[in-house]
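**Student:** The hints should help you fit chain F onto chain L, whose structure is shown.
There are 2 protein chains.
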Amino acid sequence: MARSQLRPQPGRRPPPHFMALTLAAGAASAPKHRQLYDQIRGHVLSGRLTGGARLPASRTLAREIGCSRNTVLSAYELLLAEGYLTGTPGSGTFVSRVLPDQFLAVNNGRPSGPPDTRGTTAQAALSTRGRVLAEQTPRPRGPAGAFMLGPDAAHFPFDIWGRMLGRTWRRPDPALLRYGDPAGHRPLREAIAEYLRATRALRCDWRQVVITSGAQQALDLVVRAMLDPGDAVWCEDPGYGGLRGPLIAAGARIAPVPVDTEGLSVSTGRARAPAARLAVVAPSHQFPLGVVMSLGRRLELLDWARAAGAWVLEDDYDSEYRYAGRPLAALQSLDAASGAGRVIYAGTFSKVTFPSLRIGYLVVPDALVEPMVRVRAALDDHPSAVVQPALAAFIGEGHFGAHIRRMRARYAARQESLIAAAQRWLDDKLILAPDEAGLHLVARMTPALKRRMNDAQAAERAAAAGIATSALSGYAVEARSDPALLLGYAAVPEDRIETSVRSLAAALAG
Amino acid sequence: MARSQLRPQPGRRPPPHFMALTLAAGAASAPKHRQLYDQIRGHVLSGRLTGGARLPASRTLAREIGCSRNTVLSAYELLLAEGYLTGTPGSGTFVSRVLPDQFLAVNNGRPSGPPDTRGTTAQAALSTRGRVLAEQTPRPRGPAGAFMLGPDAAHFPFDIWGRMLGRTWRRPDPALLRYGDPAGHRPLREAIAEYLRATRALRCDWRQVVITSGAQQALDLVVRAMLDPGDAVWCEDPGYGGLRGPLIAAGARIAPVPVDTEGLSVSTGRARAPAARLAVVAPSHQFPLGVVMSLGRRLELLDWARAAGAWVLEDDYDSEYRYAGRPLAALQSLDAASGAGRVIYAGTFSKVTFPSLRIGYLVVPDALVEPMVRVRAALDDHPSAVVQPALAAFIGEGHFGAHIRRMRARYAARQESLIAAAQRWLDDKLILAPDEAGLHLVARMTPALKRRMNDAQAAERAAAAGIATSALSGYAVEARSDPALLLGYAAVPEDRIETSVRSLAAALAG
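Chains L and F, in that order, give the protein sequences.
When you line the first sequence up against numbering that gives the first Met the number 0, it's residues 0 to 509, in that order.
When you line the second sequence up against numbering that gives the first Met the number 0, it's residues 0 to 509, in that order.
Calculated directly from the structure, the hints in this document are not laboratory data.
Just so you know, not all the hints are guaranteed correct.
[As the list claims (entries may be wrong)] Negatives, chain L to chain F, calculated, CB over 12 Å:
#1 E189
#2 Y322
#3 T352
#4 A436
[What the hints assert, rightly or not] FRET-style restraints, in silico, Cβ to Cβ:
#5 A408/F / R196/L: 46 to 54 Å
#6 R206/L / T136/F: 51 to 59 Å
#7 D172/F / D426/L: 34 to 42 Å
[As the list claims (entries may be wrong)] Computed footprint of chain F on chain L; a stretch qualifies when at least three of its residues, placed anywhere within it, have a C-beta under 8 Å from a C-beta of chain F:
#8 30 to 38
#9 153 to 165
Where is the CB? At the ideal position from N, CA and C, for every residue including glycine.
In isolation and in its complexed conformation, chain L is listed as follows (with noise of 0.2 Å):
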């Protein structure tokens, strides 16, 4: 038996407990580097070693422990592979940041040892993917009070919703009912690549639409067709926090990337993660900040996508939503045009319909419909039919471009009216600036109210007193962006607008 008591090494931040490693030998024990493994895995597990704890150097390590340096290479492989651990070759292995709270979530109350990972009451019955996935935070629900973020669904023309439903399937056409192409009803495909095709300069062919459900499950179809477990995926950070279920039960490896006035940094990226092999970006309108990526950010990011053989998944999550300024094309467009084929978009009908409806998709390059839709089909298949027909009908017969225009003029006149009533009630408090495009607006902190809260405790004052407002932080992973209250104007009737930030300026009071 070989023991160590390991000190925290010099590093980003030393390990806060000592870490207590011990080896069996004999034949009847388990592999060392598997031992060794179960070890470290523990003490992540269960806390005693917390996120960014650097740990000691494989060669060092096997001197203490009396082990080949080969067993240690081996134990922190798998760990990164699993994603404990993060690191490269030269720079030092760590224990993952990007998951700390929801590994040491699991174990609160059981603050010392490695866990029981198989208990029998509740997140302990699952499995350790299915535990991390367990903890992330849920998309908030409930009433869409003032300000929570995302559209007005109860100004969806319904009427005409009811009536395709029902003309749809009082006499479905049979070949409705059997299973369909796994990726999805022909005519929504083929209604929505001519929606892109117009709105959004994409090059596109319906046969390179496939239908999810949701962009999340975009995503997840994305991931599971294109990463390995281990391979790394440059995320914006700040960014959709929906990405990282997806990605952590496919075992990839998150590399937050800085978001800048130009978008993703591509250059942070590439110092990074440069073996990345997917970079999931909004570069029409970023999510949470707003903005919207420059011409030199895009042929850097397509550059490095080129180069690297890796994936660009654009998430053009609300771009119908734009009052002023001219869009750049999609990144889509760009990137078709000169023929890589490295971009996949993703759209959804969430934002533009009504949450609930739960219908996305993607938009693919050629080479890859084959193979993705037969992935897709190998999964779960296509979502029901039952929507995806009244929703093609819907577009073809002109609602949804007339639904878009009329709600494009309601959102620009409250995205003006809330500024306007900040301007009056909350000038000392946060600094709205206008948007050109979205849903909602980032109102930053002023240097006075910062002094007295952060961001989380000023939405949670605002949630006591009924105002649902979301903090920036809540959606970065290491960036550290000025403190800032995420205001969704989109759900909120004009009349309601100027009490709701009295109520909101009330709360934030000294």
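**Tutor:** This is chain F only, laid out in the frame that chain L set:
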């Protein structure tokens, strides 16, 4: 540099080619175990190492290529974790049999050398996982001719269905428009729980019901919540092919377990994969064999699950259609009565409404409800809310029960007609025994027919004559069942049964 030409080892099946392995040394090289991993993986992908080939013992290989045994063990472990290899300590390490065709098919036309795993055309553009998924056999589609598997969707009461959709959506409850409960729409969950308690003796509450987009997605959710990469899963052999995609995507190791006249052979499962975390079974009516699992075997399976801390996924895909005899209660009720809570029950509406509806559900043990719903939220959230309230009303107002009763009588008559026609026209070719349940029969080939062809050839001949059957062997991984054709009778109008049987007889004539 060390070089080795590995010659076939004694074992279940020697490798058909020599395996050339080379290790580079020096600081610029990848770690040795990673080099070894890459090369062996390359040989598997290129087909030079085929399924079942035994790999040399770690000690032997280490000696031959001049590295430490730990290096070999680490490489093997990574390959085992990713499913390229199978094996247990002491019994040897083999190239995975489960996926050989899929891996090999990737590389047709590139017979030698490690493949370019990041090519740019078709399947090659996918990750290794994606390529294996893309090579799964897709679900058969197309018009429901004789003798396709599946229900007769044309008799579903679409007038009522269309009315309910229209009624729900012309003036929807505002609560329906927001993101809903990730477990699904409460009235539908209540309707399903009540139905299952009444008809399948399930012990459950509506809170335990999680709505999914079909049975395949239900499995996909369970494996990601309950399994870690490398965990073994017992799968019935022969069995439902739709399991494979989600299991492969999750990095699970598929352990095929034979089915005998009492159902899944628990003792074989224990012997082959004692540490499996999950068993997927269809105890009410095994697919495709139609076996009902005996009570003794059910108790044995539950005993194993309890002792091993493993889970059982009960796939109750067509239990609604039982024409005679008294069904055993669901496995879930046996398990829930004991308080063990190891059974997760899965059902689908595909067989009782129409396949493209794509709505299924899970009933999870109490302790799993909250974590499972959280995992669901992290992955793809709830399926479209458009279908759920209409389906809840359809069940709640009695239309669902009435539809099942009508179809049960219709299907029973069709099964009788099929058997009678087969006795008249197919007597010397196929032997059809009645089945008390389900939507298809297993038609075993007579010795005379077997001498002339196997079941895949028989199915091909039938297809050429416009008769869609499927070969039993197509559902097997390792199982060597008697050759047989599956004949779906549910979707064949009675007046077409006899002519279809005659066409089939002609197609199989000498």
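**Student:** Tell me the numbers of any earlier hints that the structure contravenes, in ascending order.
**Tutor:** 3 and 6
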